[in-house]
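J.: Residue-level listing of the chains:
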Amino acid sequence: MSHPTRHRVLPGFRLSLGFSWFYLGLIVLIPLSSLFLRTFSLSWEEFWGTVTTPRALAAYRLSFGASLAAALANVVFGLLVAWVLVRYRFPGRDVLESLVDLPFALPTAVAGLTLTTLFSAKGWYGQYLEALGLKVAYTSVGVAIALTFIGLPFVVRTVQPVLEDIDVDVEEAAATLGSSPWQTFRRVLFPALFPALLSGFTLAFARALGEYGSVVFISGNMPLRTEIVPLLIITRLEQYDYAGATAIAIVMLGASFSLLLAVNLLHRWSQRRLEARPGA
Amino acid sequence: MHPSTLVLRRSARSLSGPAFVRWGLIGAAVLLLGVFLIVPLVAVFTFAFQKGWEAYVSALTHPTALAAMRLTLLAAAIAVPFNLVFGLAASWLIARFQFRGRSLLMTLIDLPFSVSPVIAGLIFVLLFGRQGWLGPWLLDHDVRVIFAVPGIVLATVFVTFPFVAREVLPVMEAQGSDEEEAALTLGASGWRTFLVVTLPKVKWGVLYGVILCNARAMGEFGAVSVVSGHVRGVTTTLPLHAEILYNEYDLAGAFAVASLLTLLALVTLVVKKFVEWRSQPS
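If you read the protein sequences in the order shown, they are chains D and R. Here numbering that gives the first Met the number 0 is used: position 252 in the first sequence is 251, and no number is missing along the way. Here numbering that gives the first Met the number 0 is used: position 26 in the second sequence is 25, and no number is missing along the way.
If you are wondering where the hints come from, they were derived from the structure by calculation, not from laboratory data. Hints may be right or wrong, so weigh each one.
[Unchecked claim] Some chain R residues flagged as far from chain D (calculated, every beta-carbon gap over 12 Å):
#1 Trp52
#2 Val56
#3 Pro62
#4 Leu65
#5 Arg69
#6 Leu72
#7 Ala76
#8 Arg101
#9 Trp136
#10 Asp139
#11 Val142
#12 Arg143
#13 Ala147
#14 Arg231
#15 Gly232
[Said to hold, decoys possible] With a Cα cut of at most 30 Å, we get these calculated DSSO-like pairs of lysine-lysine:
#16 R:Lys272 x R:Lys200
#17 R:Lys272 x R:Lys202
#18 D:Lys121 x D:Lys134
#19 R:Lys271 x R:Lys200
#20 R:Lys272 x D:Lys121
#21 R:Lys50 x D:Lys134
[To be verified] To give a feel for the contact side, a few chain D residues facing chain R, derived at Cβ under 10 Å:
#22 Leu151
#23 Leu223
#24 Leu236
Idealized CB from N, CA, C, for every residue including glycine.
Bound conformation, chain R alone (with noise of 0.2 Å):
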């Protein structure tokens, strides 16, 4: 810590001349951070609570907003843990063996990432939408998947894919097996390796991936929307909600909602530096 102040001081004298371009350009930075995330945090607080307590309580505890967080809470707790074992097996494979189609598969992890959510939704529209490929099959069986609960759930298991094998492969190959060898060698099964051995090395990655996936999950609008058909109480996530609210002109109800997901955010920031923080190497 000490050594590297004295060689960030020196540097900033040479290389960064007069003190009036160091702060200058500090300045110019906390500008631009201050007016792009500072203010509009402070923003969200501010209309959310404009009018009175009492108006925010009752927005959040309306029927229709606590059928929102049933929703987005459902959709997450179905999302994260599928991708999450998805993730373990992901990275497991990825970092522990060499064989036929390895990169293609890492290459294909990061798929949905560079699929726009807007995409991510027409694709189970067109799969399970009324002139989608099963839409007449589900239609004569009274399945319900587009505009109903279970297309949301598609959509958000789809747009969170990457995040948890993304966080844990890097930990994981970093980790090598030699302690998983020598638990093999010792008669341990391979679960119990597994649990006992390999997954205490990657907690750190494998709880940010976790964080990022919920966040995402709970907050995400462009695929949801796609599938949700914005029937109010029933498939609307608490992001939808705060749209309907915004466009009948109720900014503070709306607001309210956004509230919520900025705490999810702040809280989802304090656990990334909690782990980089933790897994730090000492």
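Next comes chain D alone, as it looks inside the complex (with noise of 0.2 Å):
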């Protein structure tokens, strides 16, 4: 696999390599370190006074609730979206395919503006679901709804390489030996799209705990209701109060990371018992 020897044949690698860590280092490295570096500035009493508060409490269950929500939402709909565009052929499929990865080019505060008005009590949607007595917009249900537009690509892009490449025979010997359509999905298919369900949720809620721009015109932003942290740490910081910034902001690096690290660790841990399937 790797041939150092033959490959220092190649030049530029002090080059790059000096390079790379300079930029890197300048860019990412130091400006993160501050962050870990003001925090120690706190006691730990003060940290935990800071991060405990019954508004960063509220905060952090909003988030999670809501980002959770959006995360499982986009597994069943980015399944139902890769299995169609990938298994059939209809008219207009070739734009929606397309379409998908709109949610990653259109800038967050387009979405927000957007989803904002046409959820809102006189928007195109918010009307008739008013009529219903559903208030989405001001509402932690209008949150999860921007987060989940924002993560709705993250599943279907990670599940649809993987449906691709499952041989179709092995549905069909399925099918022969007389297992249901939904037994072959259940026993067949879901093993094998398990660990692209899980990180495309994964990708797909680290995502939505961090976002900020789509979520802050539909939430109404109020304190201890409808405020997620991102906007906790903007008030923070608007207050002059950087310690406390700082604080809650590590806890919610420290949550992300930790997601992230997990599901590392379960995507390498289901692709262990999947090559220790027979016959896999």
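Since each chain comes alone in its own frame, lean on the hints to assemble the complex.
T.: The following block contains the structure:
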């Protein structure tokens, strides 16, 4: 796999090594370390007091709850969309296939403005939902909807290549052996898709936790009720409470890092399990 | 193409069973994407033009809108080239050499993606803000970074950091280095080899990385919002300008600005499609 002696024939090792680490340090590592250094200036009691105020706890609850709901919705939606795009041909398929990435390409503020206007009491969607007694704009439901929009492409794009690789013969064999479509899905397809669903879920969840632009318009930003963690950080900052902003940022950063780490481990575990299966 | 369609037909029959299941699933997916993607797209342009073409043009040619456009272009014009050079250097390094810290470097490149945009803004406030580490020094020398243009540029560079490296690295790894070694053996210099042999091989990956990097640079909201201070016409980028207009209940104006950013997103998707089409193995 690696041929260090052969590859050292190529020039530019020292230059690219030096530049890559220098630029990474300057743009990413030094600025990020300022976050940790600032936290160390707080005593443990101060830190704990800052990150466990009722307002902060309410913000964690909303951010985690809405992100979890959005990521779960994305698993269902993503699987459906990936399945339809891979397995069926129908008019307009190519357009939809390209549009799936829209939430990645569209600036988050535009998404926020548009969803808020659509779901507000007089909006295109809001007027009908309001008639049904469902308020979306300026509630936690609105937060979850904005986060679902943002995370939509993740599961589609992780599941799609796996689904394309699955040999339809396997499904046909299962069907020939008398399994129902549901059994085929549960016993044959789902185990193969599980790692991809899981990483799509986590990517969507992690992205939703930190998301700001699309949420801040639709949430209404009422402390204790519809205030997400990133907004609380900004509020603290605007009050020149740098230490408070930093402490909450550390909690959030820790949460998203452990989430991504957990997924990496789970991913490896499920990969090993899949490889260990006889015949797989 | 043809054999695969045949297989698809077969599979549709075998697994999804009756046609009503197939069309039910297609209908559900189309409805979902329609509600979440297509209607919002239509809505942006409908709201932008609700007061007519003249109001649309005047919203976009207002001095503060033009200033926001200039700042957005400036931030992207700095962030994209810097991250392009880094992306090329880092992918060359990781794809071509084995060295200590290689996998650490790969992990760290993706770091800005797992940091909330708000935290990306916060770290620069902690460094350069009035109470920041370098704040007193900057104040003495009358240099403003936070609530000024340099802070916006820095935050933009940070959030768009991984894009080019991420797209170019897999392409470069897949290509191998036989041609480069041949060029070098024939006496070409290192730079010449890179420019004439390597760059053309990875050009579609580079283009894709650049277009994604640019879209994010021009559309970034959270990080820029933290460091901007929202000084109208001075430190407002296009997304921030749209926010200000929206908060002032100028819906048509806000969506006029948003429609520009939406066009940018659509162009990005078209280029992505084009790159995928061009780089497909024939």
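J.: Can you name, in rising order, the numbers of the hints this structure does not satisfy?
T.: The structure breaks hints 8, 20 and 23; every other hint is satisfied.
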